[in-house]
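A.B. asks: Take 1 as the starting number for the sequence shown in the UniProt record's numbering and just add one per residue.
No lab work stands behind these hints: they were computed from the structure. Be a bit skeptical, because a hint or two may be false.
The following label-pair restraints were derived from C-beta to C-beta distances [unchecked claim]:
#1 29 <-> 155: 16 to 24 Å
#2 195 <-> 113: 41 to 49 Å
#3 152 <-> 31: 39 to 47 Å
#4 104 <-> 45: 18 to 26 Å
#5 157 <-> 16: 47 to 55 Å
#6 144 <-> 21: 38 to 46 Å
#7 131 <-> 29: 17 to 25 Å
#8 205 <-> 6: 31 to 39 Å
All values derive from a computational prediction rather than experimental measurement. In this text, a Cβ means the ideal position worked out from N, Cα and C, and glycines have one as well.
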Amino acid sequence: MERSIPLDVLAARAEERVGRLVPNNTFAQFADPNVRLMVGVMLLREGYADDAYDVFASVAEEGPKADTNDHFAYVRSLAEMAEISASRGNFALAEAQMREALAQYPPQLGYMLSVDHLRVYLSYYVFRQGRFDEAIQLCRAVIEDKKRAFAQHADETDARLVVGPALCYAIHQMALFYVERGEADQALEWIRQLRRYAPAVNEEAWREAEAREASGDWRGAVEAYGAAVSYQA
């Protein structure tokens, strides 16, 4: 496939931006998709989103790979491109990029990139395009999958630590969908579920959230319930 931007141009631009932050031989190995992924992530962290996008695109343009690590670079690059596209307001492109990332997702590298979080991101991109029912369905599917995984643990403390982060992230997003729709009952019903599944709950903060709900400030209550739990997502 013909590249949108030649690698030497991308390398020179990236070296100028973040060369001081990476090993000396990095740009001599720029043809390696894993090196480009690392450089793209560094560019993104330093605030150069447009340059990062171009570097990720250079990996994605090469397509799926037979080598596991190279293929991970392909999938991760697509996911990063989707996030940047969403930040630019191009949710249709973000959706297409994330769907390809999910279709090509390597399960054996799940410890490096959470497929559950990618699925929730996808639901958000769909929601932003006005397809509410589809977004709810996508997010609910993640929640149901993770609730089944949670139930398989004999020890709920372990379940909260292992399954809780992804499950809580999806539940929280579901609540926020209903907040944006102005549906108080549904938003509160979802956000209160965090208490059971979150690895940590600040009891005082949770009581304050309950007080806000009782006072009729349902939007403030949703925000407060979310802030009362920790799930490291």
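A.B. asks: Against the range 18 to 26 Å, how does the distance between the Cβ atoms of residue 104 and residue 45 compare: consistent or not?
C.D. replies: Hint holds: Cβ distance 24 Å, inside 18 to 26 Å.
A.B. asks: Can you tell me whether the CB distance of residue 131 to residue 29 sits inside 17 to 25 Å?
C.D. replies: violated (42 Å)
A.B. asks: Can you let me know if the beta-carbon spacing of residue 157 and residue 16 is within 47 to 55 Å?
C.D. replies: holds (49 Å)
A.B. asks: Could you say whether the range 39 to 47 Å given as a hint is met by the Cβ separation of residue 152 and residue 31?
C.D. replies: holds (44 Å)
A.B. asks: When you take the CB atoms of residue 195 and residue 113, is the distance between them in 41 to 49 Å?
C.D. replies: violated (28 Å)
A.B. asks: Quick one: are residue 144 and residue 21 within 38 to 46 Å, going by C-beta?
C.D. replies: Holds: the Cβ-Cβ distance is about 42 Å, inside 38 to 46 Å.
A.B. asks: Using the C-beta atoms of residue 205 and residue 6, is the stated range 31 to 39 Å upheld?
C.D. replies: Hint violated: Cβ distance 53 Å, outside 31 to 39 Å.
A.B. asks: Between residue 29 and residue 155, does the C-beta distance stay in 16 to 24 Å?
C.D. replies: With Cβ atoms ~45 Å apart, the hint is violated.
Comparing the model with each numbered hint stated earlier shows that hints 1, 2, 7, 8 do not hold.
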